[in-house]
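**Q** Chain A is already provided as a structure; the job is to place chain B on it using the hints.
Chain residues, written in single-letter form:
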Amino acid sequence: MSTQEEKERLELLQGTLDLLILRTLIFGPRHGQGIARAIQQTSEDELLVEHGALYPALQRLESRGWISAEWGISSNNRKARFYKLTRTGRKQLARETVKWKRLTTAIGRVLSSEASEG
Amino acid sequence: MFRRKQKQSDFNSEVEAHIALEADRLKEQGLSDKDAQASARRAFGNVTQAQERFYESGRWRWWDNLRQDVRFAVRSLRRDRGLAFVAILILGIGIGANTAVFSVVDAILLRPLPFHEPQSLAWVAGGDGTGGLSSVSFQVVGFEELQRHAHSFQELTSYMPFFGDSDYTLTGRGQPQLISGVMVAENFFQTLGVRPAIGRLFTTDECQKGGRPAALLDYAFWRREFNANPGIVGKTVTLNKQAVTVVGVLPPSFDFGSFFSPGLEMDVFVPAVMDNIRGWGNTLAILGRLKPGVPVAQAQSEARILIHEIKAKNPNDFYLDTATVTGLRDHISGKLRRSLIVLWCAVGFILLIACVNLSNMMLARSAARGKEFAMRLALGAGRGRLIRQLLAEGAVLAGAGVALGLAIAIAVTRLLAHQGSVALPLLNSVHLDGTAIAWTIFIAVAAAVLFGFAPAIRIFSTNLQEALKDAGPGMSEGRKHDRMRKVLLVSEVALACMLLIGAGLLLRSFLGILNVDLGFQPSRAAVIRVRYDDDNNAARRGAVLQQILQRVTALPGMESAGITDMLPLGRNRSWGFAPKGKVYPKGESPDAFVQVVTPGYFRAMGIRLLEGRDFNWQDTSKSESVFIINQTGARRYWPGEDPVGRMSQGPGPGVNRVIGVVSDVSETTVEDSAVPEIYVPATQNDPEGAELVVRTKLPPDTLSSSVMKTLREINPGQPATEFRPLQYLVDHANSPRQFVVMLVTSFALLGLLLASLGIYAVISYSVTRRTQEIGIRMALGAQKRDVLRMVVGQGIMLVLTGVVIGIVGGLALSRSLMSLLYGVKPTDPATFISVSFILVAVALAACYLPARRAAKVDPLIALRYE
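Just so you know, the protein sequences line up as chains A and B, in that order.
Counting from 4, one number per residue, gives the positions in the first sequence under the working numbering.
Counting from 4, one number per residue, gives the positions in the second sequence under the working numbering.
Worth flagging that the hints you see were computed from the coordinates, not collected in a lab.
Nothing here was measured: the structure is a model prediction, and the numbers come from that model.
Check each hint, because a few of them may be wrong.
[Said to hold, decoys possible] 30 Å max Cα-Cα, derived DSS-like pairs, lysine-lysine:
| hint | chain 1 | residue 1 | chain 2 | residue 2 |
| --- | --- | --- | --- | --- |
| 1 | A | Lys87 | B | Lys30 |
| 2 | A | Lys82 | B | Lys37 |
| 3 | B | Lys712 | B | Lys244 |
Just chain A, with the same shape it has in the complex (with noise of 0.2 Å):
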């Protein structure tokens, strides 16, 4: 764990939360603290998610309707509530992802010039 802690993690972009929980879904269901750890996992621990702050994202989309929840039984035997990605929300993960695309592409276009300028 000590690690873990010693490495200075990328706090997430304002908005940016919503599509990783988004993305993170389209594997299947998955319970709170599961969304939080497949982020950084999948992100090879470079995200800092605050756990707390995901239970307010996760209200916020429930209450959109991109996402759907049901109290169920996690793998270890513990009583969970399980996000699930709803057709609307697959939709939006679409739109957003090709949003962020484009937008970190154009950032990325634009550093690079600069860098190059400079």
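**A** Same frame as chain A, but now just chain B:
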């Protein structure tokens, strides 16, 4: 779309689950239980913060805020207990009075009549619809012709309106009893759409000559007299010595009296057998159901044409020239419309005054809390939140006011529905229903917004720094709010002034009516209904009546006694007659209200004999027919002549001689101008019943038992009847007006009380605020007198402004009272002047109390104050 949100507890368990799951994972990685727990919590971050964020995103916050606002409002009002108590009381009275009056208006004017499709029911009156019963009712021939030919109507029906209080004697069930009954046409109940609660309606056979006598019972009468025993249907009872089969009981919603003869309860209904009354004069009141889509005006013009045709067919023995059709509702309550609207407005004024008063109180209160609000604003409270809190205070007060108001309204409507002395139609159907409660809630919300808002406006204009710096009462308070309070006070006084003017005018009219010369003396006289047996023999009747009167007059304490068949201010009828040697224009042939009386009746009633002689027992069927006429009749039919000794064809049998002239008596109402009246002797004409009038030396009540005993001795079949003071007739006739006048007057007094409370509160508040200023003035040499004058002067200026506005408003409004006034002009100076005086005097008193307090201020203490 209303998506159910996750609950707080649900959210908490989810957070717990998360931490447990994370701890499990860490334990798998080899951490101890304790470390795993701590680490999981750390990774989660601030649990409370997460919960808060969750909470704020939900709508629970909104609900919690509301609950908090209400709790806070209750707490802060509890601190100002006195103010809250007064506010709730004022509001409760205002709302209660409004709801009660609304219920009355609703019952009489708004709610549909309890008949099937009541809007298509219409009333058909003879002539122009005015005058006594005889001039608005029809002969059988008229009714039948209309029934046959009037195409505007689906159905026409009729009843006989010449009933009195207790015309029928019910025997065979203990003591003989007098009950009220009315004869109705066969299709009467069908036309109205009334179905019997038990049994059936009349059959055609029962309505034919020689048919089996049948009766329907009124619901209340059935409960009272037959203990609600359904077994009575099909049995016979003895009515007027005749065995009558009870065929059914009418439903409780059908209260004949409250529709067609306010103040009288009808007990039984019997069929009107047309063949039995065919030869009679105008005896039927007609009503009917219009065909769908036919307007009243069309029925009216058709009826007019039909009446002309009937008249043409029966030129000599049909007594009507035209007919008037109105909606049934108009007939029943049309005349009351204006009175009730006035009442409604008056009570609305009360609510307005109450609201203005409360705004003023709340304003003063919020001014005192100015610093509290400024502090809370400075600490980050939203203005919206503060306003909501003030509105919540208003809502809490309004809620309590509604509870009190509803209690008052329920009590008042119960009282009104169960009283019997006010002769207003439909009054006993008054009750609080959904409409009335909706109305109450509407006015309460309006009131809460009105008086909650005034102080709320302040918050918008509060300048934080100014308010916080404000060291307290020493600083002069914003002029703007002072002005607002003054405007409110002036409008309150103006409203009260207008209300008092209206009430004053109505009260003066009412007093005028009480002073009208009735033509008879109601004091020390009483009436009792008498039954006697004369075997339909006029000669025998004379002997029986003479015996009754002699025995009754001989009782100790008795002054005089006489008998009539119809009392003034009750039911009435008119007869025609033709003075010899006179020709009258068409349609103006003489007729007059007629009473069949005995010798001594005039003395007993206190009717003045102006000329000629009274009847005596020598006027019999064998002697010359005679009659007596009143002054107005004499002037109209023998203008400029002495009528005594003149001859006339009718009103009695054959040729009649006028033997006397008596003073005019109020016949239909107290306020209408005098109409021709004639009196004929009971020894020569057939009376319809007998009302014994006694004039006594002692209070009439003390003689009631001895009179009843005497009557029983003469006729053992004499039923137990009420011994009614003659004044009762007058009160009954005046009761609708009295009802309105009393209510408007009490509302006006309430308005005056509220206004004076308002004046007191405002002046008293301003004195408290200015204690320091007054102290300085006194320290600089102002005398107590000066302070007194200053404070009172300030109040009186406001009151005078209000009175002037009120008088202008009163002048504008009082014209709409015109039709309700009697003997008073809407601009009656006496009323306007006395109202102004009363208001100013009350205002002086209300200002004087705080002013005296101001004058007692000790300059030393005042300067040290705060």
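**Q** Are there hints from earlier that the structure breaks, and if so, what are their numbers?
**A** Violated: none.
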